[in-house]
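Novice: Keeping their order, the protein sequence lines are chains C and G. Heads up: the first sequence at position 98 corresponds to 98 in the working numbering, and the numbers run straight through without jumps. Heads up: the second sequence at position 74 corresponds to 74 in the working numbering, and the numbers run straight through without jumps.
Fair warning: there could be bad hints in the mix.
Unchecked claim - Below, a list of computed lysine to aspartate or glutamate pairs in the DMTMM-like style, where the Cα atoms sit at most 25 Å apart: (1) Lys26/G to Glu55/G; (2) Lys40/C to Glu5/G; (3) Lys70/G to Glu44/C; (4) Lys19/C to Glu52/C; (5) Lys40/C to Glu15/G; (6) Lys26/G to Glu44/C; (7) Lys26/G to Glu5/G; (8) Lys40/C to Glu108/C; (9) Lys36/C to Glu84/C; (10) Lys38/C to Asp83/G; (11) Lys69/G to Asp7/G; (12) Lys70/G to Glu5/G; (13) Lys22/C to Glu58/C; (14) Lys36/C to Asp7/G; (15) Lys36/C to Glu5/G; (16) Lys19/C to Glu84/C; (17) Lys9/C to Asp83/G; (18) Lys36/C to Asp83/G; (19) Lys26/G to Glu53/G; (20) Lys9/C to Glu67/C; (21) Lys26/G to Asp7/G; (22) Lys38/C to Glu58/C; (23) Lys19/C to Glu58/C; (24) Lys41/C to Glu5/G; (25) Lys22/C to Glu108/C; (26) Lys41/C to Asp83/G; (27) Lys38/C to Glu3/C; (28) Lys53/C to Glu84/C; (29) Lys41/C to Asp7/G; (30) Lys38/C to Glu5/G; (31) Lys22/C to Glu3/C; (32) Lys56/G to Asp66/G; (33) Lys26/G to Glu3/C; (34) Lys38/C to Asp7/G; (35) Lys40/C to Asp83/G; (36) Lys9/C to Glu52/C; (37) Lys40/C to Asp7/G.
Stated by the list, open to error - Computed far set for chain C versus chain G, every beta-carbon distance over 10 Å: (38) Met13; (39) Met15; (40) Gly28.
Quick caveat, the hints were computed from the structure, so don't treat them as lab data. Idealized CB from N, CA, C, for every residue including glycine.
Letter by letter, the chains look like this.
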Amino acid sequence: DTEVTQTPKHLVMGMTNKKSLKCEQHMGHRAMYWYKQKAKKPPELMFVYSYEKLSINESVPSRFSPECPNSSLLNLHLHALQPEDSALYLCASSPKRVNSGNTIYFGEGSWLTVV
Amino acid sequence: SQQGEEDPQALSIQEGENATMNCSYKTSINNLQWYRQNSGRGLVHLILIRSNEREKHSGRLRVTLDTSKKSSSLLITASRAADTASYFCATDPPGGSARQLTFGSGTQLTVLP
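Isolated chain G (complex conformation) (with noise of 0.2 Å):
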């Protein structure tokens, strides 16, 4: 079952401008992390946030979270045409036995030149 639900599905910018999807979820966590994933590749990790942080950056990258609403939401700066892609969050819960990743449903991103 997805942990994470993504929104907006679908998004379509100009170049220059800034990029904001979500990530709401549904149990506690211990990190929440984001991924890329151009067409057809595999997916690339851009940034964790761990459960204690509400904010964190990295480039053209800003996290926020907030345990209290069991959300994120990432950030992108100043976009690119490379940008293009579907960007997923995925959450993992707290415990000390195996456990795994649980993706959101995903956000396609599609910079306009």
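Same shape as in the complex, but just chain C (with noise of 0.2 Å):
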């Protein structure tokens, strides 16, 4: 089982509607993590933050905006999507920033559909 809990496991909202994923880990982990994952693909990199401040954007458009409140929780808060932002996404986090062999832990995702 995983140490990184996701909230929730299925969503499905209109394009017009404004909610939020939610991420929470109890292992210390001062990096954390959002990946979006389309069938049959890798997961690509959102964002990431470390010790609770945004270090990388991967030009993810502002319809996705990321918060980090404390070290143990993620959000994502969506606003305005598109269809084709349906996809898995993956809350994940390590011990550090990624360097020299850190693992990184994932949640099990949500899955997102938009209508």
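Could you fit the two chains together into a complex? Lean on the hints.
Specialist: This is the structure in structure tokens:
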């Protein structure tokens, strides 16, 4: 069982809705990540938080807004999404920023469908 | 952009057989990791091999790394139906500043009972 917990597991939202994905870890990790994964594709990095500060934004559209309220929590706020944003959104954490030999621990993901 | 490319894209074998999947990458790396993903689930870390290592074992898993060819292989011996999953290699490049893992395209392994 993963120690990174994501909620909700499934989310269906309209293009005008505002919703949030939530992620929590209690392993004391100081780096947290959001990945997007489409079917039969590898995960694509969206954001990296290091010590609660946004350190990497991989040119993600502003309709995705990350937030790190504290070292255990990571949110992804969603607004005005498009149907092509439908995907599996994976949260992950690692002991520190990925450098020499850090393993990333993934949550089970949140399946997002935009209608 | 994808750092790693894996082949085959899909592999189907009988239970008890060995499964080998390969990963090639383009730039220098610090480490290479392999992850497994069951359908619709999160990724699970399997094994990490450092750039100065050539081979590593963990249970039924054997990983090799050839930095001169920029390639790695994952061997699963005596496969089981429960090994059915997608397998991804992931590399992290050298450097002291923030970096991130880059995942390969993945191999879908099906183990038939």
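Novice: Taking only the CA atoms, is the gap from Lys40/C to Asp7/G under or equal to 25 Å?
Specialist: Holds: Lys40/C and Asp7/G sit about 14 Å apart, inside 25 Å.
Novice: For Lys40/C and Asp83/G, compute the direct alpha-carbon distance and say whether it is at most 25 Å.
Specialist: 17 Å, holds
Novice: Given the hinted pair Lys41/C and Asp7/G, is their Cα-Cα distance within 25 Å?
Specialist: 14 Å, holds
Novice: Are all C-beta atoms of chain G more than 10 Å from that of Met15/C?
Specialist: 24 Å, holds
Novice: Lys56/G and Asp66/G were given as a pair; does the straight-line alpha-carbon distance stay at or below 25 Å?
Specialist: 12 Å, holds
Novice: Does Lys41/C pair with Asp83/G here, judged by a C-alpha cut-off of 25 Å?
Specialist: Holds, at about 19 Å.
Novice: Assess, step by step, whether the Cα of Lys53/C is no farther than 25 Å from the Cα of Glu84/C, and give holds or violated.
Specialist: 28 Å, violated
Novice: Between Lys40/C and Glu5/G, is the straight-line Cα distance small enough, at 25 Å or below?
Specialist: The hint holds at about 14 Å.
Novice: Lys40/C and Glu15/G were given as a pair; does the straight-line alpha-carbon distance stay at or below 25 Å?
Specialist: With a Cα-Cα distance of about 23 Å, the restraint between Lys40/C and Glu15/G holds, given a limit of 25 Å.
Novice: Taken at face value, is the distance from the CA of Asp83/G to the CA of Lys36/C at most 25 Å?
Specialist: 24 Å, holds
Novice: Given the hint that Lys70/G pairs with Glu5/G, does the C-alpha gap stay at or below 25 Å?
Specialist: 11 Å, holds
Novice: Would the hint linking Lys69/G and Asp7/G be met if the CA-CA limit is 25 Å?
Specialist: Since the Cα atoms of Lys69/G and Asp7/G sit roughly 15 Å apart, the hinted pair holds (cutoff 25 Å).
Violated hints for the displayed structure, listed by number in ascending order: 28 and 33.
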